[in-house]
Every structure is written in C-alpha cells, then in structure tokens.
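Asker: Hints are included, so try docking the two chains, each in its own frame, into the full complex.
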Amino acid sequence: MNDAIKVENAALQFPRGRGLFGGFKSLLGSKGLPEKNFTALENITLNVHKGEVLGIIGRNGSGKSTLLRLMAGIYQPDKGSVRVRGRTSLLAGVRVGLNEHLSGRENVHLYGSILGHKQEKMDQMMDDIIEFSEIEEFFDQPLRTYSSGMRARLGIAIASAVEPEILLIDEVLGVGDPQFREKSKERILSLVKSTSTVVLVSHSFALMREICDRVAFIHGGKVHYVGDPTECIRAYYELTGKK
Amino acid sequence: MTDEIPMVEPNPPGPFLSGPLRFFQTLSEESYLIGNLVQRDIKSRYSRSLIGFGWTFLEPLLLSIVYYALFTILAGRPDQLYPLHVITGVIVWGHFGKSLQASVGSLTKGKNLIKQVYFPREILAISPVLAQFWISCTALLAVIPVMLYLDVRPNAQIFWMIPLGLFLSTILAVGIGMLVAPLNAISEDVQHLFRFIVRAGFFVSPVMWTYEMAASRASGGWLDAVLLNPMVVPITLVRKGLDGSEFTIPLEFLAYSVIFAFGSLFLGIAVFKKWEAKVVKYL
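Heads up: the protein sequence lines correspond to chains Z and S, in order.
For the first sequence, the working numbering gives the first residue as 53, with consecutive numbering after it.
For the second sequence, the working numbering gives the first residue as 678, with consecutive numbering after it.
What the hints contain is simulated information worked out from the structure, not anything from laboratory work.
Take these hints with a grain of salt, some might be off.
Said to hold, decoys possible - Here are the simulated DSBU-like pairs of lysine-lysine, each with C-alpha atoms no more than 35 Å apart in a straight line:
#, chain 1, residue 1, chain 2, residue 2
1, S, Lys788, S, Lys775
2, Z, Lys245, S, Lys788
3, S, Lys792, Z, Lys77
4, Z, Lys173, S, Lys786
5, S, Lys792, Z, Lys170
6, Z, Lys170, S, Lys955
7, S, Lys775, Z, Lys235
8, Z, Lys131, Z, Lys58
9, S, Lys775, Z, Lys58
10, S, Lys720, Z, Lys88
11, Z, Lys274, S, Lys951
12, S, Lys788, Z, Lys88
13, Z, Lys102, S, Lys955
14, Z, Lys237, S, Lys720
15, Z, Lys58, Z, Lys237
16, S, Lys720, Z, Lys77
17, S, Lys951, Z, Lys131
18, S, Lys955, Z, Lys131
19, S, Lys788, Z, Lys274
20, S, Lys788, Z, Lys170
21, S, Lys720, Z, Lys58
22, Z, Lys88, S, Lys955
23, S, Lys951, Z, Lys235
24, S, Lys792, Z, Lys245
To be verified - Every beta carbon over 10 Å from chain S, so not counted as near; a handful from chain Z, in silico:
#, residue
25, Gly103
26, Lys131
27, Arg135
28, Ile166
29, Phe191
30, Met202
31, Glu217
32, Phe232
33, Leu241
34, Val244
35, Phe257
36, Ile263
37, Asp265
38, His271
39, Ile285
40, Leu291
Here the structure is a predicted model, which means the values were calculated and not measured.
Cβ coordinates follow ideal geometry from the N, Cα and C atoms, glycine included.
In isolation and in its complexed conformation, chain S is listed as follows (with noise of 0.2 Å):
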C-alpha cells in the first residue's frame, strides 16, 4: 500500500554544502515567525526604561563623548571630524559587537525553546541579529546632529558606503557567530571568549582612530596587519559615506573583507547546520 506522505527523518541532517540554500529557504518560508522574535527583541529591550528607545541614540553619544575627551587629553587636539569618525566607530562597531554576541549564544540562549519544541534553528541566530539592525540603524540617526554641528555635507558616496559597511559588518558576525555557536553550546567557554574578543577588537579596530590616522603612522608590512582586521574596511566605508572624503584604502583590501565577510557567512550556515541538531543535547 502507498500512502500520499512519505516517511521521512525529521529535521534530516543534508549534505555540508546545501545547508546554505536550504537556509535562505528557510529564511524565506519562515517570515512569519523571523518577524515576530525581531519584533520581540526590539520591543522587550527597552520596554523597562522609561527613556526607553532614546536609549539607542543616548548610549553612541555618551561614549562618544567620553573618547572624545579621552582621545584629547592623550594625543592632544584631534582632527576637527575627529567626533563623527568616533561616533561612527562607536556605532558600527557596537552593531557589529552585539550581533556577534547575539548570534554566539543564540542556541544556549533560547534552550528552553529549542528543548520544548522544533523549528529551524537557524532562525534564533539570525533574528537578534535582524534586531539589532534595525536598532543600529536607528542609532545612526544620532550622527546627524554631530554633522549638523561640524557642517559636514555628505555626497553621492552615502548611497552605496552606509548600506555596504552595514552589510558587511553584519554578515560579517552572523557568519562568525553561527561558526561557533554549536561550540557554545558545548561550552560556553566560546562565550566568554568572543566577550574578550569584542572587548579587545575594539582598540585593534578603528573605533577611537580611524585608517588615516594608521596610514599616516605605519606603512607597509605593519598598515597591511591592520588591514587583515575584516572591520577595518565596514568602519571606513561607513565614515567615508557621512563625511564624503575619498576612500584612499587599497582596492584589494577591499575585495578581501568582502571575501572574507560572504565567506565566513557561507562557512558559518554550513557548520550551523551539520551541527545544530547533535548539539541540542548539550543544552
């Protein structure tokens, strides 16, 4: 007797390299549910405060501030854009921070979920992310009031720069992130790693000095170490956007971060998806 549904394994582990087709096919077919954890992680961080969503421009001000006077009192009077470029290290490099983060510990962190009830995986490590996006993109409304003050004007370069150094910042700690996050889960020895990791990348990226500053100390052998950090070109491109100067780093720079970005994103769904299923047991 033939029966109209087949039997089949459920959630059936696949070949390494489909996992990241069958992944944007998830992404498409879950929406619905992708929309919903997005919407509840922006509505439950800020819903106990009573600044509450202010937060997301007070928070990169604040800071910004407080290098500005730090980066003033150890290396003296810095360049007059010097408060956009920080405030915008500051933003891009939180997003990028707390994305990683997120994506890390998504699988520990929403265990008793996974535990209780199966859907694709995949999708807690990217909605936190998709929050995070949209609230990043919200902080970076609080440069407009920096431009306004310095009377930056910036060009036709905003269209493609902004949107691209987001993006690649963020595939960037999504792909990092799902990298790890069956390890975590583990142990989440991983976490506390990549919370160092976060916390260290911040001198070694241009947050409170920007590429030009690098450039005009080191040359060679040592600008090109700096530039193996994969931050370095989402950050300038950002800056580069709002100020409307020239992007004078290295084209191969360039294609390298954008490389490395899609190709940790790539390698990251295919390790996340041979590995999600025989990890849940750790949690």
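Chain Z with its partners taken away, still in its complex shape (with noise of 0.2 Å):
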C-alpha cells in the first residue's frame, strides 16, 4: 500500500508533575511510575494513505490533536514509531508567530520563515497575502494597532499560504467576521483539494462528510474505527451517547 503517514503502535504519556529530577531520570531512560503520567494516546496504529482526506473525530480531550502533532515531528512517541513521506505543515491556531512590534509586512517574514518557507517564496506570495487578509493601510503599520479580527485574518492568510505534500489541519477555521469566514471556509478546502494528503482535526460532522475519504475516531487514546464517514459518525454517536 502507498502511504503518505505511517504510525504504528505510538504511545505517548504527559508527565503530570514537574519533578526536575523524576524528570532528568525519565531523559535517561527509566520508565518512572505510570499513576505519575498521563496517558495521552495509548496504542494508535493508523495509515494515512497517499492522496486521501482523512478525518480525525472524537471527543474533547480524547488525543486528536497529539495525533497531529505528532505526525507533525512535535512530539516524539514514547513506544512504537511515526513516520512520513514529504513535507508535513500543520495549521493550527494561527496566531502564535505574530509579533505586536512588527509591521503585517514583517510579520509575513517572520511567520512564513517559522512555517519552514524561504524568503523568495514569501515575497512572491505577499501580494496574495495582502489581497486576502484585506488588511489594506494597515499592512505597514506596527500589529499593536490591529484589531483582533485583522490579526486573525492576517494569521490565516499567512498560514494558507502554503503548499506541502501533507497538510495538517487542527480546527482553523471559524476566524473573523461571517465574510471572511466563508472566505477562509473556501480557502482552506482549496488547499486541501490542491494538497494530495489532508489529515483533518474538527468538530464540524457536515465539513467531514463532505470532504474526508475516510474518518478515525479517536477515543480514550485508541484508534476505535477508522473507514467510511458515514459510518464513523454512527460509530461515535454509539459509544459517546447522544448530546
């Protein structure tokens, strides 16, 4: 089978205390007392194959978005591995490279550079970037003066600006006024029709019958039932209960 995403048997437990030294002791290597940590994700095995939209669903707090982050190099498993082809971009809260000092212009720079993209590209997608966020004569004023649905705009049109081979989508949407969400809506599903291989975090049930080839549901850090959309809402209406 081709696969863009390959994990198998990952394990991943928080630490609950802040113990310097159970902590330097976990670094070396001991296993540390279990009730001390939070067990995040039990034991997912999950491929994503190449060219696919899969959605992830499942509770609040149920690991969906350490999955992600996971596939994303941001945490490393505890047990059992992760691996990707192609380049991964995670988007997710949007606004947490932007600076208050810089001017929308600079902080094109600067968040685009933490994205991983280089500086030709940034110049090349600036005036796409200005056209979509709308921000117009603001663009080269400081952030301090924008209001928070400039920044958010400004936060989106930056972050979709992208074109990895895995795009990884935790909850972006639902930003700025009802305009540009709409807009956003749009802009994000044309990425992911551009994109080859989307994994998708939300809790919009509507968005994920519509888009995803396939759903995982996610539950108590278990893989519960991974396939047809349809089905994997069913499946989660069966085991959480209605409302």
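Answerer: Below is the structure:
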C-alpha cells in the first residue's frame, strides 16, 4: 500500500509532575511510575494513504490534536513509531507566530519563515497575502494597532499560503466576521483539494462527510474505528451517546 | 512499488556526537528564519519606550556611575582608568548574563510556538543570543565618550582582543544555556537558579574589580581559583583591547578559557539536540 503517513503502535504519556529529578531520570531512559503520567495516546496504529483526505473525530481531550502533533514531528512518541513521506505542514492556532511590534509585512516574513518557507517564496506570495487578508493601509503599521479580527485574518492568510506535500489541519476555521469565515473556509477547501494528502481534525461532522475519504474515531487514546465517514460518525454517537 | 520520496521520521533523533554537525547545518539552512527572529527581538525590545535604542548606551553608563561611586566610597581612590574598566565589565558581563538567561529560558519562552509548528528548536536558543550580541556591540560604543574623557588610546591589539573576548563570552553563554535548557523545560527551577548564578557571578567575576587588583592581593592558589572562572579571561581581553595595556594573565589560563568555552558549546549543543524533542511534552 502506498502510505503517506504510517503511525505504528504509537503511545505518548504526558507527565503530571514538574519534578526535576523524576524528569531527568525519564530523560535518561527510566520508565517512571505510571500513575505519575497521563496517557494521551495509548496504542495508535493508523495509516494515511497517499492522496486521501482523512478526518479525525473524537471528544474533547481524546488525543486528536496530540496525534496530529505527533505526525508533524512536534512530539516524539514514547513507544512505537511515526513516519511520514514528504514535507508536513500543520495549520493550528494561527496567531502564535505573530509579533505585536512588527508591521504586517514584517510579520509575513517572520511567520512565513517559522512555517518553513524561504524568502523568495514569501516575497512571491506577498501580494496574494495582502489581498486575501484585506488589511490594506494597515499593512505597514505595527500589529498592535490591529483589531483582533485583523490579526486573525493576517494569520490565516499567511498560514494558508502553503503548498505542502502533507497538510495537517487542526480546527483553524471560524475566525473573523461571517464573510471572512466563509472566505477562509473556501481557501482551506481549495488548499485541501490542491494538496494530495490531508489529515483534518474537526468537530464539524457536516464538513467531514463532505470532504473526507475516510474518518478515524479516536477515543481514550485509541483508534476505535477507521473507514467510511457516515459509519464512523455513527460509531461515534454509539459510543459517546447523543448529546 | 518504490517512491521517489522516502518514508522518514519527522525530527529524527541522531547519535549524540552528530548533534553539533547538524546544528551548524541548520544554522546555515535557516538563516532567513534566524534573521527574522533576531530582527523581532531587537525591534520589540525598546519599541514601547521614548528613548528606545538609547537605553542600550544609557544603561551601562548609568550603572557604571553607580559602581564608580560605590567603589570610591568603599575602597577609596581607584585607578585612573577605573571608570573605563568598570563600564567594560558591566557591558561584557551584561552580555554574558542576558545571553545565558535567554538561552536557558528559550524552550519555555517559545512554548506556544513549539507546540504549534515544528522547526529546529535550537534556533530559539540561538536567535535571542544573536540579538543580544548585536545590542551589546552597540552598547560597547558607550565606552567611546569615557575613553575620550580619560584620553585613552587603544593600540593594534584592539582588533583581536575585543572580538575574541566577546566571542568567547557568547559561545560560553550559548553552550551552558543549551546544556540546561531541556532541564528548564521540565522544571523552571533551573531558570531561577541561573538568575541567581548571574547575580552572584557578577561579584566573583571582574566586573567591579580587575584582574590586576586580584593579582596584587592574592597569589598562588587563590589567584588560580579566581582564574577558574571562565569569564575572567573574556572580560579582561575586552578591557586590554580598549586600554592597550599588556595582557598579563598566564597563557595557560587563556587556553583554559578558550577550551572551556568551546567545550561547553559542543557539549551544550549535543545535549540540547539529544533531549529537546523529548522535553516538548513537558512544556
């Protein structure tokens, strides 16, 4: 099978304590006491085929975002392995890379480089970002003069101006006014269509049915179901109950 | 079926000793990102103040006046070049202390970014130090009025002693900072401990005093103990570069300082690369 992402028996535990001694011991390879840790992912095996759009659903705190970050290389699994084919790009919390004191233009360079782009690429995309973010005359002003909606628009504009081989999306829709929300949804959808492999975390089941080839349901750190979107959403309601 | 792109682990762990090699590779590959982060640090530091960048000069000047007054009260009439020595000490020690604290706290300070997007995290430890280096070099211009007032003329050794002194203090700060930054991600006790070390180190390093003062009072084992502090040589190098006087620290201690600085840089990078991926979950 031609897979873009292979997650095999991956487990990840978050430490509860902040003990320097215990933390140091675990760095050196000691297992530590299991009750001191919180298990986020217990035993995940999941393959993402090349060219598919895979959705991930689950209750809050079920480990969806953690799994996405594992795929992006942000976390390292404690057990098992995660392997990817090609460059991944994670769209999540689109405002963390922006700086108050820099202008919109400088922020495009800063955030763009954080996302792993090269200078020529950002220069090339600048006009597109200016147009999409609708910030106009504020673009050369420091970010502290922006309204929160304008910041969000700038963040989305930069973050969505990517062309990765594998796109990981963690609930980035739903910022700005209704018009901009619609526009950014379109943008993300066209990004999803133009990228070959996409993994999408969302609570919007309507969107899942619309664009996903397969959906995985994660519960309690394990994969409960992978397959047809409608079936998967049914499995979700069966296990978690209505409401 | 074979594919043109191989299947790889994102952010793979490598052997311990390959860390420094990959580190310098990253530095050259990510120069655009590093440049942007350095620019961000420099621009945001003084952006909310009226005097702005003027604080770079004012801070060491004002501090030196205070220390000069304090020293005169405590120890009587100091050496004629003392004002120059104290401002140099303040700037170089300040450079080391701020760089060290920036790289110790690099992972915890950048945790929002680290948790949202993957990029080589050693960049977070390096870029605030590069910004501080630029600021400290500018701050060093504050010695010019003092030198004009005292009528001090530097000679040719300024060209190697000042760069070497600043360079040694920078890589020492980066090395020690990167060595403990992963531990600081586990527990911020490390950061508080290092804030104390920087404050205490101020007194045991030649900031308010000079190597010559120590040499005239102590000798033998005591003087060797003073010279075990790896910051004595960098500060003294910058001082000698400015006033043009002879560098009297024994050469084996110069070698010791250079080896100490490069050794801690090498070890710091290797440890940081080994552990940074494992400590992200503590952030």
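Asker: Please go over all the hints and tell whether each is borne out by the structure.
Answerer: Verification of the hints:
no.: 1; hint: S:Lys788 x S:Lys775; verdict: holds (19 Å)
no.: 2; hint: Z:Lys245 x S:Lys788; verdict: holds (32 Å)
no.: 3; hint: S:Lys792 x Z:Lys77; verdict: holds (23 Å)
no.: 4; hint: Z:Lys173 x S:Lys786; verdict: holds (28 Å)
no.: 5; hint: S:Lys792 x Z:Lys170; verdict: holds (21 Å)
no.: 6; hint: Z:Lys170 x S:Lys955; verdict: holds (28 Å)
no.: 7; hint: S:Lys775 x Z:Lys235; verdict: violated (45 Å)
no.: 8; hint: Z:Lys131 x Z:Lys58; verdict: holds (14 Å)
no.: 9; hint: S:Lys775 x Z:Lys58; verdict: violated (43 Å)
no.: 10; hint: S:Lys720 x Z:Lys88; verdict: violated (42 Å)
no.: 11; hint: Z:Lys274 x S:Lys951; verdict: holds (29 Å)
no.: 12; hint: S:Lys788 x Z:Lys88; verdict: holds (22 Å)
no.: 13; hint: Z:Lys102 x S:Lys955; verdict: holds (29 Å)
no.: 14; hint: Z:Lys237 x S:Lys720; verdict: holds (34 Å)
no.: 15; hint: Z:Lys58 x Z:Lys237; verdict: holds (28 Å)
no.: 16; hint: S:Lys720 x Z:Lys77; verdict: violated (40 Å)
no.: 17; hint: S:Lys951 x Z:Lys131; verdict: holds (17 Å)
no.: 18; hint: S:Lys955 x Z:Lys131; verdict: holds (12 Å)
no.: 19; hint: S:Lys788 x Z:Lys274; verdict: holds (26 Å)
no.: 20; hint: S:Lys788 x Z:Lys170; verdict: holds (23 Å)
no.: 21; hint: S:Lys720 x Z:Lys58; verdict: violated (42 Å)
no.: 22; hint: Z:Lys88 x S:Lys955; verdict: holds (17 Å)
no.: 23; hint: S:Lys951 x Z:Lys235; verdict: violated (43 Å)
no.: 24; hint: S:Lys792 x Z:Lys245; verdict: holds (26 Å)
no.: 25; hint: Gly103; verdict: holds (12 Å)
no.: 26; hint: Lys131; verdict: holds (13 Å)
no.: 27; hint: Arg135; verdict: violated (5 Å)
no.: 28; hint: Ile166; verdict: violated (6 Å)
no.: 29; hint: Phe191; verdict: holds (17 Å)
no.: 30; hint: Met202; verdict: holds (19 Å)
no.: 31; hint: Glu217; verdict: violated (7 Å)
no.: 32; hint: Phe232; verdict: holds (21 Å)
no.: 33; hint: Leu241; verdict: holds (22 Å)
no.: 34; hint: Val244; verdict: holds (19 Å)
no.: 35; hint: Phe257; verdict: holds (25 Å)
no.: 36; hint: Ile263; verdict: holds (23 Å)
no.: 37; hint: Asp265; verdict: holds (20 Å)
no.: 38; hint: His271; verdict: holds (21 Å)
no.: 39; hint: Ile285; verdict: holds (28 Å)
no.: 40; hint: Leu291; verdict: holds (27 Å)
Taken one by one, the earlier hints fail for this structure at numbers 7, 9, 10, 16, 21, 23, 27, 28 and 31, listed in ascending order.
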